[in-house]
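Student: Taking our numbering, the leading residue of the sequence shown gets 774, the next gets one more, and so forth.
Calculated from the structure, these hints are not laboratory results. All figures in this text were calculated on a predicted structure; none of them were measured in a lab. One thing to keep in mind: the hints can contain errors.
Below, a list of computed lysine-lysine pairs in the DSSO-like style, where the Cα atoms sit at most 27 Å apart [what the hints assert, rightly or not]:
#, residue 1, residue 2
1, K1203, K1187
2, K1182, K1203
3, K1171, K1267
Restraint-style ranges between C-beta atoms, simulated for each label pair [claimed, not checked]:
#, residue 1, residue 2, range
4, L1118, F1052, 20 to 26 Å
5, G1240, L1118, 15 to 21 Å
6, P1262, D1120, 54 to 60 Å
7, E1000, D1120, 17 to 23 Å
8, S1133, E1000, 18 to 24 Å
9, A870, V1205, 47 to 53 Å
10, A1263, L1118, 46 to 52 Å
11, S1121, E1000, 36 to 42 Å
12, G875, A1263, 52 to 58 Å
13, L1118, V1145, 15 to 21 Å
14, L858, G1071, 36 to 42 Å
15, S1121, P1262, 40 to 46 Å
16, S1269, S1121, 45 to 51 Å
17, V1145, R1009, 28 to 34 Å
Yeah, the Cβ is synthetic: ideal placement off N, Cα and C, and Gly gets one too.
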Amino acid sequence: MNLQHQLGRGRLVVPEQFLEDVGHIVHQVHRVVPDDGDPRTIGVLVLVEDDLFGPLRGDDSGHLSHSARSGARTRLRCPAVSTALLTDHYELTMLAAALRDGTAQRRCVFEVFARHLPLGRRYGVVAGTSRLLDAIDSFRFGPAEIDELRNKQVVDAKTLEWLAAHRFSGDIEGYAEGELYFPGSPIFTVRGSFAEAVLLETLVLSVLNHDTAIASAAARMVCAAGERPCIEMGSRRTHEEAAVAAARAAYLAGFAATSNLTTGQRYGVPTTGTSAHAFTLLHDDEEVAFTAQVAALGPHTTLLVDTYDVLDGIRAAVRVAGPELGAIRLDSGDLGLFTVQARELLDSLGARATRIVVTSDLDEYAIAALAVAPVDGYGVGTSLVIGSGAPTAGLVYKLVEVDGHPVAKWSTGKPSRGGRKYAVRRHNRKGVMTGEVVATGGPAEALEGDRGLQVTLVVAGRRADSGSLPLAQLERARAHHRDVMATLPADGRKLSRGEPAIDTDFVEIRP
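All chains, full assembly: derive it from the sequences and hints.
Tutor: What follows is the structure in structure tokens.
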């Protein structure tokens, strides 16, 4: 029998082997793995319970389902989507020149870092690492990619031959996803031949610059919100795939949910939402619209009460849903004033447990301004998906070592530090971070309270987390971010422009 799997932009229809006699199987794609023998196919690893052929749970339709947690794996083949052309033209022309003069195989170290934090911010949040490793897994030049390069005469025949056989075989280490970073932090390090490492530059920066910018903005919003939840609602303000990445990054940084259903499907992020003004305008009047929504979704739904008059809308909402009304949403006007009036009116109508959710072009500053208002949650859209004024993290990917020897740029305003870096975070006895040490030549001397920042991500071309589901990876990153934020000095949480929350010391370790 055939089962359909959603992957990226395409639908994959693949045969499920050995399951012909158990009816409709509900299961989960564990991981997509490019096939070493054919760059245009992938293996889909499907996790099923060990008791697959034991008692199965049925429903009235006759369909059978099982939990998809652990156990046997089935390898399936289907067309792969290559990321190899998500790069700049000059990466390939550099490769061609290096292959021609014999320098392509020199052992190199490239590092990703930021020269400074944007807009006087005090910290940044590393995000997108797992997405990037997925993209590197799919960085294969198949027939379609080779034909494109040949037809456009981008590189010569020998380079095309090299690309067709290319598989990344190097090592990658970096800061854990969700970690904080500061100017000069070596958040992502690629070690391998010049040829294989230089090809990744554009892809690495494309993913990390976007997701890190979003997570950094989201973290500030979460800090401003305190214990009140933030909901990501920015899909309509950005590219459709950027919306998914942004929602993932926001959840990593502490947002409670997203309105984007694809993010829920891919990463298991909670999704939420009820209705817009269009639903109210569709009906003859507001009360009729509320009646229809409550009939469909129950009294615990969230009713949008500002289509006409806020206070009249609240009265109609409580008449329809009763005191069990879950929440109201305010999307316009003076939110500081309207939330106070709304709370007083709800309480007077007996709806004391009804929550107040606000939206309307919020950013971290608007959220902070509502700190004393009776708000129960924030919906954030445009500001979140554009990084709240910093749509890129300003990360760069620089060659720092060739055949064991440090190399560096000396360009005015854009210098780099040569040599592979080793980074640790220092903390006081209370566990509060006090500084970061970035050493070349070897790790710095360990002190009490030090925490190493770089973790192994890829060894000889193979991912270290290959057994993890996307949801598990994201939840680990979210938990790590929460733990690290708890160690940030109090001044580091300020929204005002200032210096980085901690200083970074750059040291050279001599033999």
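Student: K1182 and K1203 were given as a pair; does the straight-line alpha-carbon distance stay at or below 27 Å?
Tutor: Given that 27 Å is the threshold and the Cα spacing comes to 39 Å, the pair is violated.
Student: Cβ-Cβ distance between G1240 and L1118: within 15 to 21 Å?
Tutor: Given about 53 Å between the Cβ atoms, the range is violated.
Student: That 15 to 21 Å hint for L1118 and V1145 (C-beta), does it hold up?
Tutor: Holds, at about 18 Å.
Student: Should the hint that L1118 and F1052 are 20 to 26 Å apart at their CB atoms be regarded as holding?
Tutor: Holds: the Cβ-Cβ distance is about 22 Å, inside 20 to 26 Å.
Student: Look at the Cβ atoms of G875 and A1263 and judge whether their distance stays inside 52 to 58 Å.
Tutor: Because 55 Å falls inside the window, the suggested range holds.
Student: Has the given pair, K1171 with K1267, been kept, meaning a C-alpha gap of at most 27 Å?
Tutor: Violated, because 31 Å separates the two Cα atoms, which is more than 27 Å.
Student: For the range 54 to 60 Å, tell me whether the beta carbons of P1262 and D1120 fit it or not.
Tutor: The hinted range 54 to 60 Å is violated for P1262 and D1120, with Cβ atoms some 39 Å apart.
Student: For the pair V1145 and R1009, does the Cβ-Cβ distance stay inside 28 to 34 Å?
Tutor: 30 Å, holds
Student: Could you say whether the range 36 to 42 Å given as a hint is met by the Cβ separation of S1121 and E1000?
Tutor: The hint (36 to 42 Å, Cβ to Cβ) is violated, given that S1121 and E1000 are roughly 26 Å apart.
Student: So does A1263 sit 46 to 52 Å from L1118, Cβ to Cβ?
Tutor: With Cβ atoms ~37 Å apart, the hint is violated.
Student: Indicate whether the distance between the beta carbons of S1133 and E1000 respects the range 18 to 24 Å.
Tutor: Cβ of S1133 to Cβ of E1000: about 21 Å, so the range 18 to 24 Å holds.
Student: Take the C-beta atom of L858 and the C-beta atom of G1071, compute their distance, and say whether it sits inside 36 to 42 Å.
Tutor: 48 Å, violated
Of the hints listed earlier, those the structure fails to meet are numbers 1, 2, 3, 5, 6, 10, 11, 14, 16, in rising order.
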